[in-house]
Amino acid sequence: GQQVMQIPQYQHVQEGEDFTTYCNSSTTLSNIQWYKQRPGGHPVFLIQLVKSGEVKKQKRLTFQFGEAKKNSSLHITATQTTDVGTYFCAGGYGQNFVFGPGTRLSVLP
Amino acid sequence: DAGVTQSPTHLIKTRGQQVTLRCSPKSGHDTVSWYQQALGQGPQFIFQYYEEEERQRGNFPDRFSGHQFPNYSSELNVNALLLGDSALYLCASSLRAGLNGGYTFGSGTRLTVV
Numbered sequence: 001g002q003q004v005m006q007i008p009q010y011q012h013v014q015e016g017e018d019f020t021t022y023c024n025s026s027t028t029l030s031n032i033q034w035y036k037q038r039p040g041g042h043p044v045f046l047i048q049l050v051k052s053g054e055v056k057k058q059k060r061l062t063f064q065f066g067e068a069k070k071n072s073s074l075h076i077t078a079t080q081t082t083d084v085g086t087y088f089c090a091g092g093y094g095q096n097f098v099f100g101p102g103t104r105l106s107v108l109p
Numbered sequence: 001d002a003g004v005t006q007s008p009t010h011l012i013k014t015r016g017q018q019v020t021l022r023c024s025p026k027s028g029h030d031t032v033s034w035y036q037q038a039l040g041q042g043p044q045f046i047f048q049y050y051e052e053e054e055r056q057r058g059n060f061p062d063r064f065s066g067h068q069f070p071n072y073s074s075e076l077n078v079n080a081l082l083l084g085d086s087a088l089y090l091c092a093s094s095l096r097a098g099l100n101g102g103y104t105f106g107s108g109t110r111l112t113v114v
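Going line by line, the protein sequences match chains A and B. Heads up: the first sequence at position 88 corresponds to 88 in the numbering used here, and the numbers run straight through without jumps. Heads up: the second sequence at position 76 corresponds to 76 in the numbering used here, and the numbers run straight through without jumps.
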C-alpha cells in the first residue's frame with residue numbers, strides 16, 4: 001500500500017548548523033506537503049510541492065521534490081532554537097495524504 | 001481567528017465506553033479529515049468528510065464512525081473503547097481535499113482510555 005518513510009527519526013544539531021530531513025514514498029506521488037509540529041502542539045502547514053524537480057524556499061527553509069516524484073527533502077540553513085519540533089511530510093496519492101513518521105529536530109543553543 | 005476548533009481538549013474514558021469528539025472547520029473550508037496521533041508518531045488518517053459524506057477512509061475499524069453536518073462541522077465517534085485508542089485526535093479542515101493549500105489542523109483532543 002501507500003507508505004511514506006522519513007529519515008532521520010531524530011536529529012540533534014548545534015544552533016547555527018544546517019539540518020535536512022528526507023521523505024520517500026514507495027510509489028509515485030501526485031504532490032507532497034510539509035508540516036511542522038512544535039512540542040505539545042498540532043501540525044502546521046508549511047508548503048506544498050506539485051511539480052517534478054520543484055524547489056521552493058521560505059527564508060531559511062528549502063523544499064525540494066524529486067524528479068521521479070517519489071522523494072522530497074526539507075533543508076534548514078543555520079538552525080535556530082525556534083526551529084525545534086517535528087517535521088512531517090505528507091505524501092499525496094490522488095486526494096489522499098499519507099503522513100510520514102516525522103523527523104524530530106532538537107537545536108542546542 | 002476562525003481557525004479549526006476542537007472539543008473537548010482532554011477526555012478520560014473507561015474501556016468499553018463510547019466517545020464523541022467535535023470539530024468546527026476553518027471559515028471557508030468544506031472538508032474535514034480526522035487523524036489519530038499516538039505519542040511520538042505521525043498522524044494516521046481515519047477518514048475524510050465532504051458534502052456530509054464519508055469520502056475516504058483509512059485503516060481503522062468500524063468502531064470509528066463520523067458525521068458531517070450541513071454547516072461543515074464534524075463529529076468523530078468511537079465505540080467500545082480500547083486502551084490502544086488513547087491518543088491525540090486531530091481534526092484538519094481544508095478546501096476540498098487540501099490540494100490547494102494544505103490542511104489546517106485543530107489543537108486536538110487528547111483521549112485517555114483507562
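No lab work stands behind these hints, which were simulated from the structure alone. A virtual CB, placed ideally from N, CA and C, is assigned to each residue, including glycine. Treat the hints loosely; a few may be bogus.
Unchecked claim - Here are the simulated DSS-like cross-link-like pairs (lysine-lysine), alpha carbons at most 27 Å apart as the crow flies:
#1 A:Lys56 / B:Lys13
#2 A:Lys36 / A:Lys59
#3 B:Lys26 / A:Lys36
Unchecked claim - Listing some non-contacts, in silico: residues in chain A with all C-beta distances to chain B over 12 Å:
#4 Gln9
#5 Lys59
#6 Pro101
#7 Arg104
What the hints assert, rightly or not - Ranges of calculated distance between the beta carbons of each label pair, as one might list FRET restraints:
#8 A:Ala78 / B:Pro70: 41 to 51 Å
#9 B:Asn59 / A:Gly53: 29 to 39 Å
#10 B:Gly101 / A:Ser52: 15 to 25 Å
#11 B:Arg57 / A:Ser26: 17 to 27 Å
#12 A:Glu17 / B:Phe69: 45 to 55 Å
#13 B:Ala80 / A:Gly53: 22 to 32 Å
#14 A:Glu15 / B:Phe60: 34 to 44 Å
#15 A:Gln95 / B:Ser7: 35 to 45 Å
For each hint, the structure was consulted:
1. Annotation: proposed proximity of A:Lys56 to B:Lys13 is violated, straight-line Cα distance about 44 Å (limit 27 Å).
2. Annotation: proposed proximity of A:Lys36 to A:Lys59 holds, straight-line Cα distance about 15 Å (limit 27 Å).
3. Proximity of B:Lys26 to A:Lys36 is assessed by CA-CA distance (about 19 Å); at most 27 Å being required, the pair is judged to hold.
4. For A:Gln9, the shortest C-beta to C-beta distance to chain B comes to about 9 Å, within the 12 Å cut-off, and the non-interface label is violated.
5. Every Cβ of chain B is farther than 12 Å from the Cβ of A:Lys59; the closest lies at roughly 18 Å, confirming the non-interface assignment.
6. The beta carbon of A:Pro101 is not kept farther than 12 Å from every beta carbon of chain B, the shortest such distance being approximately 5 Å.
7. Against chain B, the non-interface label of A:Arg104 is violated: not every CB pair exceeds 12 Å, the least being about 8 Å.
8. Separation of A:Ala78 from B:Pro70 is about 49 Å and conforms to the stated range, judged on CB atoms against 41 to 51 Å.
9. Between B:Asn59 and A:Gly53, the C-beta spacing of about 32 Å keeps the proposed range 29 to 39 Å intact.
10. The given range of 15 to 25 Å is respected by B:Gly101 and A:Ser52, whose C-beta atoms sit roughly 21 Å from each other.
11. The beta-carbon spacing between B:Arg57 and A:Ser26, approximately 20 Å, falls within the hinted interval of 17 to 27 Å.
12. Our hint of 45 to 55 Å for A:Glu17 and B:Phe69 holds, since their Cβ atoms are close to 48 Å apart.
13. Between B:Ala80 and A:Gly53 the C-beta distance comes to about 48 Å, which lies outside the given range of 22 to 32 Å.
14. Between A:Glu15 and B:Phe60 the beta carbon distance is about 40 Å. The supplied range of 34 to 44 Å therefore holds.
15. The hinted window of 35 to 45 Å between A:Gln95 and B:Ser7 is violated, with their beta carbons roughly 27 Å apart.
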